[in-house]
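Asks: Going down the list, the protein sequences come from chains A and B. So for the first sequence, this note's numbering puts the first residue at 1; every next one is plus one. So for the second sequence, this note's numbering puts the first residue at 1; every next one is plus one.
Quick caveat, the hints were computed from the structure, so don't treat them as lab data. None of these values were measured; they are calculated from a predicted model. Misleading hints may appear alongside valid ones.
Claimed, not checked - Residues from chain A shown here face chain B by an in silico Cβ test under 8 Å; the list is partial:
| hint | residue |
| --- | --- |
| 1 | 39 |
| 2 | 40 |
| 3 | 46 |
| 4 | 69 |
| 5 | 88 |
| 6 | 98 |
| 7 | 99 |
| 8 | 100 |
| 9 | 104 |
As the list claims (entries may be wrong) - Here are the simulated DSBU-like cross-link-like pairs (lysine-lysine), alpha carbons at most 35 Å apart as the crow flies:
| hint | chain 1 | residue 1 | chain 2 | residue 2 |
| --- | --- | --- | --- | --- |
| 10 | A | 68 | B | 57 |
| 11 | B | 15 | B | 57 |
| 12 | B | 11 | B | 57 |
| 13 | A | 69 | B | 15 |
| 14 | B | 96 | B | 57 |
| 15 | B | 96 | A | 68 |
| 16 | B | 96 | A | 49 |
| 17 | B | 15 | A | 49 |
| 18 | A | 68 | A | 49 |
| 19 | A | 58 | B | 15 |
| 20 | B | 11 | A | 69 |
| 21 | A | 68 | A | 58 |
| 22 | B | 96 | B | 11 |
We put the beta carbon where it would ideally sit given N, CA and C, even for glycine.
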Amino acid sequence: AQSVTQLGSHVSVSEGALVLLRCNYSSSVPPYLFWYVQYPNQGLQLLLKYTSAATLVKGINGFEAEFKKSETSFHLTKPSAHMSDAAEYFCAVILPDYKLSFGAGTTVTVRA
Amino acid sequence: GAGVSQSPSNKVTEKGKDVELRCDPISGHTALYWYRQSLGQGLEFLIYFQGNSAPDKSGLPSDRFSAERTGGSVSTLTIQRTQQEDSAVYLCASSKDRGAYEQFFGPGTRLTVL
Numbered sequence: 001a002q003s004v005t006q007l008g009s010h011v012s013v014s015e016g017a018l019v020l021l022r023c024n025y026s027s028s029v030p031p032y033l034f035w036y037v038q039y040p041n042q043g044l045q046l047l048l049k050y051t052s053a054a055t056l057v058k059g060i061n062g063f064e065a066e067f068k069k070s071e072t073s074f075h076l077t078k079p080s081a082h083m084s085d086a087a088e089y090f091c092a093v094i095l096p097d098y099k100l101s102f103g104a105g106t107t108v109t110v111r112a
Numbered sequence: 001g002a003g004v005s006q007s008p009s010n011k012v013t014e015k016g017k018d019v020e021l022r023c024d025p026i027s028g029h030t031a032l033y034w035y036r037q038s039l040g041q042g043l044e045f046l047i048y049f050q051g052n053s054a055p056d057k058s059g060l061p062s063d064r065f066s067a068e069r070t071g072g073s074v075s076t077l078t079i080q081r082t083q084q085e086d087s088a089v090y091l092c093a094s095s096k097d098r099g100a101y102e103q104f105f106g107p108g109t110r111l112t113v114l
C-alpha cells in the first residue's frame, strides 16, 4: 500500500536558515505526492505537487521539493526561513482510489 | 472566486447529541472529500463523493457517522449520538474531478464533545 512517512515531528530553524523537511514514500507504482501547509486554526494549503513530470518541483512561498526515486524521498526545502513559515507541514500521497494519505506532520518553528 | 467553506467553524455539543457539519465546495468541483484531524490520529480520510455518489465510505469510523451530498454541491456530515472521541477538526476538500487534481481545503469545523 502507498504511504508517506515524515521524519521529525518538530523542526526549529533560525530566520534566514535553510528549512529542510523530510518525507519518504512507499509505493510500488510512481506516486503522486503533495506537500501541504497548515497555519494555526486554518485549513490545509497546497505548497506543491509532484505528478511525474519534472523531478524538481517549485511551489509557493519559495518552497521546492525534489523527487528522488532512488531514495524514495520527496523532501521539502526553502533556502531562507521567514518568520511567516512557522506552521505545520504535511506530506501526502494520492492513493489509487484518489483519497489523500497524509504523513504525521512536521511543526516548524522559526527563531528570530 | 470563493474557496471551500465550512460551517459552523466551531461546535460544542454534549455527549449523546447529534451534530451536522456542512461543506460548500468550490463551484464546479465534482469531487468532495471529508477528513478528520485529531491529536491522536493525525489526518484521516472519512468519505468522498463523486457527484452525489459516495463510492468509498471505508473511512467512516462507525455507523454513527453518515454523509450526503445534494445537487452535486453542498455536503453534510452527520454524527449521531456523539462521543468524546469524536472531538476533532473536520476538514472538507473539493477538487475538479477524481484523480491527481489538487484538493482545496476548507478551514474546518472544530467539534468538541463534552
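Asks: Would you pick out the hints that fail for this structure and give their numbers low to high?
Replies: 1, 2, 4, 5, 13, 17, 19, 20
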